[in-house]
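Position chain B relative to chain A; hints supplied.
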Amino acid sequence: MSNQIERFQDPGLPEHVHRNADVDPRAAKRAEQQVAILFLLSAAGTVLTIASYIYVKSSTFVYLPVLGRTDLQQLLLGIGLTAATLFIGLGAIQWAKKLMPDEEVIAERHEFRSEEVDREELVSTFKERADASGIGRRSLIKRTLGLALGLVGLSPLVLLRDTGPMPGEYLNKTDWAAGTRLLRDPDGQPILASDIEVGAVTQVLPELPAGVERTLENTGKDAVLLLRLRPEDFNLDPERLSWTHEGIIAFSKICTHMGCAVALYEQQTHHLLCPCHQSTFDVTRAAKVIFGPAARPLPQLAITVDADGHLIAKQPFTVPVGPSFWERNSSNG
Amino acid sequence: MKRISSFRRHRIAGPILVVAALFTIATAFGVASALPSAQMTVASGTSTLVSQGKEIFLRGCSSCHGLHAEGGGIAPSLIGVGSAAVDFQVGTGRMPMADMSQQAMQKKPLYNAQETAALAAYVASLAPGPAAVTNESLNYERDGNAAQGGTLFRTNCAMCHNFAGQGGALTNGKYAPSLMGVDPKYIYEAMVTGPQSMPKFTNATITPQEKLDIIKWIQSADHEQNLGGASLGRVGPVTEGLLGWVLGLGLLIGAAAWLAMKAK
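The listed protein sequences derive, respectively, from chains A and B.
For what it's worth, my numbering labels the leading residue of the first sequence as 1, then goes sequentially.
For what it's worth, my numbering labels the leading residue of the second sequence as 1, then goes sequentially.
For the record, the hints were derived by calculation from the structure and aren't laboratory data.
Predicted, not measured: the structure shown is a model, and the values here were computed from it.
Treat the hints with care, as some may be off.
What the hints assert, rightly or not - A partial selection of chain B residues facing chain A, derived with a Cβ cut-off under 8 Å:
hint	residue
1	151
2	160
3	185
4	248
Backbone N, C-alpha and C define an ideal beta-carbon position, used for all residues, glycine too.
Extracted from the complex, chain A is given alone in its bound form (with noise of 0.2 Å):
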């Protein structure tokens, strides 16, 4: 049985088989003047691009089937260039496919490993240049060209302290202190408790002391959401509802998974929907995940009123808000 089965005859190539353009002159007449005619539609495509630049009047609008009210100087603009240089390759495609020389050539390989007298010449005429240079001989040379070397790579490993520095307190803390005023976003105002409704939301921003100005990394973690609900539909334990102020309650905006805002209040579900990865948190319950991939609530503000019955925080986040980093303490949520 095993001295049937014998090596693996090489097939050789198959037969070749010629092209219409080989066999038949007015063929190949055809194919060439295929190419011809691609080549010229690249050229129609220039003049196109060029004369829809000069003469057609930007905002000019047509109306399209399909595409609907188009600028047609943006139309005719992408259609030349697209035909300019699209119809170069088509034709090269098609000179090479059907003219140009098709039959198949066998190049063989070479050896991969050089000749055995070239292999020799050259440890021998490595030996007897590094003999001519001395570096056996010469050993202070030998020795700082080391030091050198070594150096050379320690540079690159200095420059790694740019990715620093760490961000010590920076995502542990907030704008957010005890007495800081809400203030309403964009405009800045403080806000009234009894502005806010039953259903209402407003997006909220800490009050910055005097002289600080507002950086978008800033508003990136202070920002709060504000939200009024009938306090009979609070489900909260007495802390976290000693936290809210007749029905008011304030939650961190960034969602503690990737960091979007969550922003999507459903008024009668009281869902908080996150439009990143659909994390819903269920504000009765201290915005409690309720569905999708965040870990932990949203950190909930502790707000009160002052004096004049404008709305202020009692107290900085108890815990860091957005989502996870490293050296964040987990501890306490």
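Just chain B, lined up with the frame of chain A:
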């Protein structure tokens, strides 16, 4: 007589009778339900409007919202929602609801403008609430500031209604509708009343001036020209990417197949 009695026993007599009966009942019901509208006359005073509205309410709304608009298990109380809420919900066809699914959808209004006004007057007479507005009273073109409106829209509205006002999905099949082609007065009334899932944006949190700004921005977004023709829904990279991948990659695959094909 004999003929009739023989026909009575014919095998298609039963089905014909059922169809005839259904047709008669349906016609009678249609005429009966159309009659009160036909009898309706244009009201002259508010009290007439209120009593007319009450009549429509009792007939069309009270089965869910209660005989005194006090609400029930399946529908909220309408006391204090104001004429703005009625004008929005009934004027856009959302109420009466066609089915009790995820949310009331916009459809062809069931009541005409006069009947809607009567309903609104009746509901407004129950308790004070936000008043309905008219398109003419909102001079957003003159008084609105589109740039300011854009800032307000991105802060307060874009999360649900999409950054270009195209609408978007909420939970459990609910959705925020597109704002394109919506009458300015309905945008205004939706903000003050907070219909369905939408929170309220009262005049204390977003002033009437700011509401005009937002409306002006929405209108300018609505009338913005698409340079490239098809807007692809203006929902950003998802549709654009999908089209690019399907159309672009499809073309590339076609080109690759053509390249590799042996010429004849």
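Verification of the supplied hints:
{"no.": "1", "hint": "151", "verdict": "holds, 5 Å"}
{"no.": "2", "hint": "160", "verdict": "holds, 5 Å"}
{"no.": "3", "hint": "185", "verdict": "violated, 20 Å"}
{"no.": "4", "hint": "248", "verdict": "violated, 12 Å"}
Violation of the numbered hints given earlier is confined to hints 3 and 4; the remaining hints are satisfied by the structure.
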